[in-house]
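S.K.: Here's the letter readout for the chains.
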Amino acid sequence: MGELQRTPLFDLHLELGAKMVPFAGYDMPVQYPLGVMKEHLHCRAEAGLFDVSHMGQVILRGESVEAVAAAFEALVPMDVMGLQVGRQRYGFFTNAAGGIEDDLMFANRGDHLFVVVNAACKEADIARMKAALEPGITVEVVTDRALVALQGPKAEAALERLAPGVAAMRFMDVATVEIMGVEAWVSRSGYTGEDGFEISLPEAEAEAICRALLEMDEVEAIGLGARDSLRLEAGLCLYGNDIDAGTSPVEAALTWAIQKARRTGGDRAGGFPGADVILGQMAEGAARKRVGLLPEGRAPMRAGTEVYAGAEGGDPIGAVTSGGFGPSVNGPVAMGYVSAEYADDAKELFGEVRGKRMPLKVVKLPFVPANFKR
Amino acid sequence: MKFTEEHEWLRVEDDVVVVGITEHASEQLGDVVFVELPETGTEVSKDDEVCVIESVKAASDILAPIDGEIVEVNEALVDDPGKINEDPLGDAWFFKMKPADASQMDDMMDEAAYKAFVG
Chain F
1 MGELQRTPLF DLHLELGAKM VPFAGYDMPV QYPLGVMKEH LHCRAEAGLF
51 DVSHMGQVIL RGESVEAVAA AFEALVPMDV MGLQVGRQRY GFFTNAAGGI
101 EDDLMFANRG DHLFVVVNAA CKEADIARMK AALEPGITVE VVTDRALVAL
151 QGPKAEAALE RLAPGVAAMR FMDVATVEIM GVEAWVSRSG YTGEDGFEIS
201 LPEAEAEAIC RALLEMDEVE AIGLGARDSL RLEAGLCLYG NDIDAGTSPV
251 EAALTWAIQK ARRTGGDRAG GFPGADVILG QMAEGAARKR VGLLPEGRAP
301 MRAGTEVYAG AEGGDPIGAV TSGGFGPSVN GPVAMGYVSA EYADDAKELF
351 GEVRGKRMPL KVVKLPFVPA NFKR
Chain W
1 MKFTEEHEWL RVEDDVVVVG ITEHASEQLG DVVFVELPET GTEVSKDDEV
51 CVIESVKAAS DILAPIDGEI VEVNEALVDD PGKINEDPLG DAWFFKMKPA
101 DASQMDDMMD EAAYKAFVG
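Each protein sequence line maps, in turn, to chains F and W. In this text, residue positions in the first sequence follow the numbering used here: the first is 1, and each later residue adds one. In this text, residue positions in the second sequence follow the numbering used here: the first is 1, and each later residue adds one.
Hints should not be assumed to be uniformly reliable.
Quick list of in silico lysine-lysine cross-link-like pairs, BS3-like style, CA-CA up to 30 Å [stated by the list, open to error]:
1) 38/F to 361/F
2) 96/W to 19/F
3) 356/F to 46/W
4) 96/W to 46/W
5) 83/W to 361/F
6) 356/F to 96/W
7) 83/W to 98/W
Here are a few chain W residues that sit away from chain F, every Cβ distance over 12 Å (derived from the structure) [to be verified]:
8) 43
9) 57
10) 108
11) 110
Distance windows between CB atoms, simulated [what the hints assert, rightly or not]:
12) 11/W to 354/F: 20 to 30 Å
13) 313/F to 80/W: 30 to 40 Å
14) 135/F to 118/W: 53 to 63 Å
Please keep in mind that the hints were generated in silico from the structure rather than gathered at the bench. Just so it is clear, CB atoms sit at the ideal spot from N, CA and C, and this is done for glycine as well.
Pulled out of the complex, with its shape left as it was, chain W reads as follows (with noise of 0.2 Å):
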């Protein structure tokens, strides 16, 4: 799994990536309330903001970690915000994509550089 400074988690699997926030950024939300999420086919580049999430607090964007095309988005959450804090990396995962160039994910931090990174 990779890191962004924005703290997003990336899982490649198989042609895909799947990308969704971390356990510190959802408890630094707090109860997440609504999730906007991009249409699938959506050709992306790296930092647009492709998602919207609101918790009771205040709303944030996600951005896209990398360049590429958006070709699944979990659905489930838009029914069910409350699963981001439940479980953040696992069933809340916001969307797939399809990369346009897989490298620009070797720079991400690794679990222990994302650990270092939020102290």
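In isolation and in its complexed conformation, chain F is listed as follows (with noise of 0.2 Å):
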């Protein structure tokens, strides 16, 4: 293994007595010393601020950005053309077989897209990008920003007074504004279920304007630990563990991010990989469905878990792909893939814990309702 990447925040992380943990290649606080639990209630209740500078951020350029859009619909099963400008969409790179390489935000900025990857797949989703959109599209890597999450309820009140006018902004829009002398370029969005704003800052500058947050009442530093808590309680993706390569987008439950113009009778359908397998698995289903399990007991089932249909015997009819304890929820939390048969809501099946059969339901996601700014 290779040296652990920096982010441009890693010095104010070790400041804050975070401990740091390797995440994808990169040294990364995975809480601080408020704790996991504490950290998630905080963040659901307040503010919470989030260093997601692994993530890759490309811009991608050509002759307009309708040229660009029209040149990334052949990567993605989204709407890309028909994205206004200021608005950001998230959507996923499939391959030939309709599984899903990476899921992203893609935003139209007037005179470019701007492309937010997973830290893991960067590299993988870059030369993706550069073999099937060069030379017509440049794709331009950008490595002297820094990117931030701020989250929760108190995070528009916070965020407003240094950026006067984004409280404005609803829920996945993008704007350049100016945060302490600097161009920064802000989403509202995040992966938490909260309200809240995903924020590019040079690097430079992004550790004085994280101290700035953070030095206002209703802002904490959060680590990786809450925010996979506050994702899987908000039923979001965790890319290698939710959703990969062997994923559909039909069974991960993700057909809501197809727009009617790339699916079956649109103006653009199909045409992106593996639209004959996702498509098909839209019109007459998938074998397996990602779902919401709630286990009726305090024992959390964390991924790995065998899921049954029966308390004895049988085979495995699905397995927890993520799970753990809600800490809003206030006990544990889970999803997985199961057989279409058993997927139905309010399905009581079991999973295996420790060699025992555990009793957990089918439920809908999220397990805590979305608090958008819609």
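Now that you have both chains on their own, put them together as the hints suggest.
M.R.: And the structure:
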């Protein structure tokens, strides 16, 4: 294993007393002295600041943003051409087998598309974009900017103090704003189920801006531990756990992210990798489905826990892909894949923990209602 | 008080031994969210897995530090696992054992040795 990379906020994490762990090749804060549980609850009640600078930030430029959008549609099953200036969408790269190569956010920033991809996949994503889009489109990897997320019901009030006007942004709006004299690329989005912002900042000024936010009473630094429990309660997928190259968007219950224009009968139906498989599954259904799983007892059911239809015997009908304790739910929560015939809401199933079958129930996601400013 | 390399503490109270986990262990685990305790009356051997504790991060086993019989368990931990982070050396004891052979504790670390062990 090579040397771990550091984000522009590394020194600040150490100063704040973070416990650092390797994550996707970076030395990242898993928790601060507050601890995972309190960090999680603080983010849901007030505002939390996350360093997500390990994620890949990529700018796609071409003759026009329309030309870039048209070209990008060959890689993702999303309606990119229909995305208005100043708006962002969730999406994913697919492969020829209909699997998901990575999930991402993309925004129309007027004269270019801005794409944010997962840290663990970014090298492959960049290579994929270069191979498919160059030379007509330039793939510019942004390496001199930090990325932070400010999440929670008080995120708006906190950021408004530094960037008057951001309160007027709606969910999935993007804007270029000035924060403490520097250019920030702000989107009203996040991955916690809470209202909030994702903010790309020049690396040299990122620490000062984070300090200004952390000085506010309502803002606490939040590590990867709470980021994971927050996104799990929000029913959001973690790439590599809940979705991967072997899971299709239909299996993963992510077809909401495939707009009408790209579906069968749409203006630009298909035309992305694995379209035949994905559109076929949309018509006929998939053999398995990602669902919320609520353990009935207190014991957490972690990733890998096998799911059974009955209390005894039989083969597994599914497995947990993300699971743990949900601090806001105040109990265990999980998600995973089950065979389609067991995917109905309220279905009673069993998860095997330490050799014992414990009851769990199929539930609708999210576990905690989303708090977006639509 | 005696300490094990598994980060448990043992305190002798008359003819029983009270067992819990150390502050160092509770800090390493993070917020504890679930505890499964053994049944009272169970005969256990040293290194048997007798309890499961789960934190926000992971599941861990608590091993029997000596041979003996579990004579009492701390049911309060089941309803309030967070006690293990708040008061690991006091209120948050796990179980009491009647030792089969109390001399098994002779070679265990004292507080100074344990402090050196965890650095």
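S.K.: Does each hint hold? Answer for all of them.
M.R.: To see whether the hints hold, each was checked on the structure:
1. 38/F to 361/F: 27 Å, holds
2. 96/W to 19/F: Measuring from Cα to Cα gives roughly 34 Å; hence the hint is violated.
3. 356/F to 46/W: Distance of about 23 Å is within 30 Å: holds.
4. 96/W to 46/W: 14 Å, holds
5. 83/W to 361/F: 29 Å, holds
6. 356/F to 96/W: Judged against 30 Å, a Cα distance of about 25 Å means the pair holds.
7. 83/W to 98/W: Judged against 30 Å, a Cα distance of about 24 Å means the pair holds.
8. 43: 20 Å, holds
9. 57: Non-interface label on residue 57/W violated, nearest chain F Cβ at 7 Å vs cutoff 12 Å.
10. 108: 28 Å, holds
11. 110: 29 Å, holds
12. 11/W to 354/F: 20 to 30 Å: 28 Å, holds
13. 313/F to 80/W: 30 to 40 Å: The hint (30 to 40 Å, Cβ to Cβ) holds, given that residue 313/F and residue 80/W are roughly 36 Å apart.
14. 135/F to 118/W: 53 to 63 Å: 58 Å, holds
Violated hints for the displayed structure, listed by number in ascending order: 2 and 9.
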